[in-house]
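Chains as they are written, first to last, in this note's numbering: chain V, 3 to 111; chain Z, 3 to 111; chain P, 3 to 111; chain A, 3 to 111.
Hints are computed from structural coordinates only; laboratory data are not their basis.
Some clues are possibly wrong.
No copy is singled out in the list; a pair is fine if it fits within one copy or between any two copies.
Distance condition first, Cα-Cα at most 30 Å in a straight line; then the derived BS3-like pairs of lysine-lysine [unchecked claim]:
hint	residue 1	residue 2
1	K31	K86
2	K85	K108
3	K86	K108
4	K31	K67
Owing to the predicted nature of the structure, the values given are computational and were not obtained by experimental measurement.
Number of protein chains: 4
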Amino acid sequence: MSHEHFKECIEECLRCMQECNHCYDACLKEEHSGMMGECIRLDRECADICAYAAQAMSRNSPFAKQICSICTTICEACGNECKKHQHDHCQRCAENCFACAEACRKMAG
Amino acid sequence: MSHEHFKECIEECLRCMQECNHCYDACLKEEHSGMMGECIRLDRECADICAYAAQAMSRNSPFAKQICSICTTICEACGNECKKHQHDHCQRCAENCFACAEACRKMAG
Amino acid sequence: MSHEHFKECIEECLRCMQECNHCYDACLKEEHSGMMGECIRLDRECADICAYAAQAMSRNSPFAKQICSICTTICEACGNECKKHQHDHCQRCAENCFACAEACRKMAG
Amino acid sequence: MSHEHFKECIEECLRCMQECNHCYDACLKEEHSGMMGECIRLDRECADICAYAAQAMSRNSPFAKQICSICTTICEACGNECKKHQHDHCQRCAENCFACAEACRKMAG
């Protein structure tokens, strides 16, 4: 599979990584950050798997499909948590998580 | 420089990575996790640089010394934050951070 | 699941990460490194998933089992490649890969 | 410092990460990959620091500047190696490395 083949999915993963990290940073600064524990935790999980998946696809890893499969699961879990919270950063993060989950699901095939 | 040369410093980094991640998980579960924001943030920073430094040293990276230099800085910052908190996981994490900072400082030379 | 629960599997992953990176470095220096392409590639894949799995387990990731499942697959692939080559670093790496695959398989349950 | 502040530098790092990984994959497949050892090694070093720097900036790491400083060094080393080789993937990688080094140098301030 070629570098180009992965292009769209890599871009979704890198966008999702950035939004998750932004949400993580913003959650840590919220006045009631104590209520945001699950969101903080899942933001890190999701940013890390997205970074890992993007690296794997861009080096044409033989394991890219399986990595995208687990990335789908983690993006969905993070999106489901984030969408419960009214903060703009959580809502925007949820949207990016679901878009990334969709791209990874196709890639995992 | 050889794999063996790095052995002690790699071990300190990997121990510190584990303690930082353990402290991160425990802080997220504390009743007053809202007060633990800086600790959570620095635990992640420190776990990530320690993992990165251990990978770099074990693959004999030409940049291992500079990476250990920044690892020293981050370990000290994390240790200084953790030692402010009375939780056992914070105190143990602080100890590991300072030990790792010391090993990385020697390596950075 | 607790930090301690993961202890043995984390240790196997971190040992395997180091041996894979050592093998990667040594393969790049071999006179006939052109024949070692698959070994170099899989050493990086395996070191990276092992580092990722160890981080995930030590922060008590909700996705630790699935991550260990894919780690099993990658460790086996790397071990199977490395055991084809007579270099000491390849043989030692293969042994560590198979031991890590076994620990991750149990964890993935 | 805000998420937006880092935007351009994050984008350069993520582009550079992809080109380095693409060059790494292509070098491993070259007929004379034995001559490409330093390029393969530096491509991995550079992809990994770029991924790490992008993660750090997007989570508003207190250490983003120091991380960008070391990223500058590694991007330049990788660019200098890649530009020695005539392959298209090496030449394109070199260009991206130098552009990323420039963005990181500004960020490191």
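Cα distance capped at 30 Å. Does K31 pair with K86 within a copy, between copies, both, or neither? both (18 Å within a copy, 19 Å between copies)
Status of K108 relative to K86 across identical chains (alpha carbons, at most 30 Å): Classified as within: same-chain Cα gap 26 Å, cross-chain 35 Å, threshold 30 Å.
Evaluate K85 and K108 at a C-alpha cut-off of 30 Å and name the case that applies: within, between, both or neither. within (23 Å within a copy, 34 Å between copies)
For K31 vs K67, is the C-alpha pair at or below 30 Å within one copy, between two copies, both, or neither? Cα proximity of K31 and K67: across copies only (20 Å, versus 36 Å in one copy).
Every hint, counting from the list given before, is met by this structure.
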